[in-house]
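Chain order of the listed sequences is A and B.
Just so we're aligned: the first sequence equals residues 1 to 309 in the working numbering.
Just so we're aligned: the second sequence equals residues 1001 to 1158 in the working numbering.
These aren't lab readings, by the way, just hints derived from the structure by calculation.
Where a beta carbon is used, it is the ideal one built from N, C-alpha and C, also for glycine.
Among the clues, some could well be false.
As the list claims (entries may be wrong) - Some chain A residues close to chain B (C-beta under 10 angstroms, calculated; not the full set): (1) 13; (2) 235; (3) 256; (4) 268; (5) 270.
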Amino acid sequence: MTDLKFTNEYKRSVESIALPRNYQENILSAIDERKSKDSQSSKTKARVYKYALSAAAVLVLLFGLAFTLFAMNKLPSEMQISFKVSNATNLSAVKGARIVFVNSNGDLLTDDTGEAVEVFTNDNGEAQATIPNEGYVPHIDAEGYIPFTADKAEDNYYISPEMNEDTYRAVLTWETECDLDAHLSITKDGKTEKLHYFNSSIENDKGEVIAALDTDSETSGYPETITFNCEDNSLIRFSVASYSALKEDSTKALSDTSAQVTLYRGEKLLGVYSVQKSKGNVWCVFEIENGELEAYSEYYSVGAMTEIK
Amino acid sequence: MSSNALRAQKALQKHGDSLMRVAFTYTNNMYDAQDMVQEALLKYIEKAPEFLSSEHEKAWLIRVIINLCKNHMTSAYKKTYAELTEDISVCDNYSSGLYEAVCSLPSKYSLVIHLFYYEGYSQKEIAKLMKITESAVSTRLQRGRSLLREKIGDDFFD
């Protein structure tokens, strides 16, 4: 790919655009100013720290005594949790899932004998447990499903059935009362097909379904799940759109929904993506180009769902 | 001035123009590009890395700029096809439209095109800079050129 003409034209074009005059002096001067502020701030902090340390020492003694008396009688050391585990593709209850509990360090919660504390879901996919109030979350294992570790205590967990190695699944969940939609576009040979609530499956040239919307939800509490395959030389883009924000003109902002997308491939978890504070009613979450995954994370606004890329 | 700061100043003199233009492919705005270069210099002063050569130093700085720009992009509202703002001094010359057209592409394409055609990096070197595979670089170059053709026609291509 030499393309000498393009190379020469592009170089000429780049150099025809002037860089800001004195940008180097501006940058160096901004750096000097920042370093000077940091240095003054450090001296002030050192002085404040010295005085604060003395006062803190006295307070700690008094507080420690009071806290010990209080903690012995008042703080809850355990908490009761209950939740339901469901299949992310059809919302059916997952019976017999084994749940253990892990903390942020990955340490398993054990009982006095050293055995892992475990519970199992009943026929309705429900389970309860009493666990220490120390930041433990459920880790869910069920036959035929991809293991799942929650990042916080919730009422519902949606887990993905195992798939073929080449199959992907994106599960969208969110927390606020609004209508979010999962969108998938597949571009191949210059042609783009889109999948969403209005067009819930895409087929390839052989008539095989290569992408499907498993579940559609108009409110939080239920996931939206898309299962898809990556064909060679294709570009796949997964986006989340706020249908509520589109209809009501941003009263239910996408970035306030705590939307999260969990991406699986085969029997593995590839990633968990969380919406950031940003403007726009569309969040492009990731792209997969020729099998290479990239968390694209771009935010923009559209006037109609058909404008989503 | 500390020795790190002096080194950073020299690096800016040597590589500043390149860094500004790389940042510009992401930000489409010279003021934001200047901020990115400033942050990259601060990291240079803070980390004080050792370099085998000037090219190694430049590649390190470009790598830092790419990471800073990505973080900057994910935290702010951006349209995919951002237009140049009035703040930019654009030469009133037909060929400047080519740079503008490249910068209006999604950053994943504009960056590989810029690094390949302007900075002269090989696909292998670009893959290292962007932490992607060589085949991904090749695909992005092809796709980027294809998008450019749709935008501006075939005039600039052999």
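These are the hints, each one checked on the structure:
The beta carbon of residue 13 (chain A) comes within 4 angstroms of a beta carbon in chain B, closer than 10 angstroms, and the hint placing it at the interface holds. With a cut of 10 angstroms, the hint placing residue 235 (chain A) at the interface with chain B holds, because the nearest CB-to-CB distance is about 8 angstroms. Taking 10 angstroms as the C-beta cut-off, the interface hint given for residue 256 (chain A) is violated, the closest approach to chain B being about 15 angstroms. A distance limit of 10 angstroms between C-beta atoms decides the matter here; for residue 268 (chain A) the minimum to chain B is near 19 angstroms, and the interface restraint is violated.
The beta carbon of residue 270 (chain A) is not positioned within 10 angstroms of any beta carbon in chain B (closest approach about 16 angstroms), and the interface hint is therefore violated.
Comparing the model with each numbered hint stated earlier shows that hints 3, 4, 5 do not hold.
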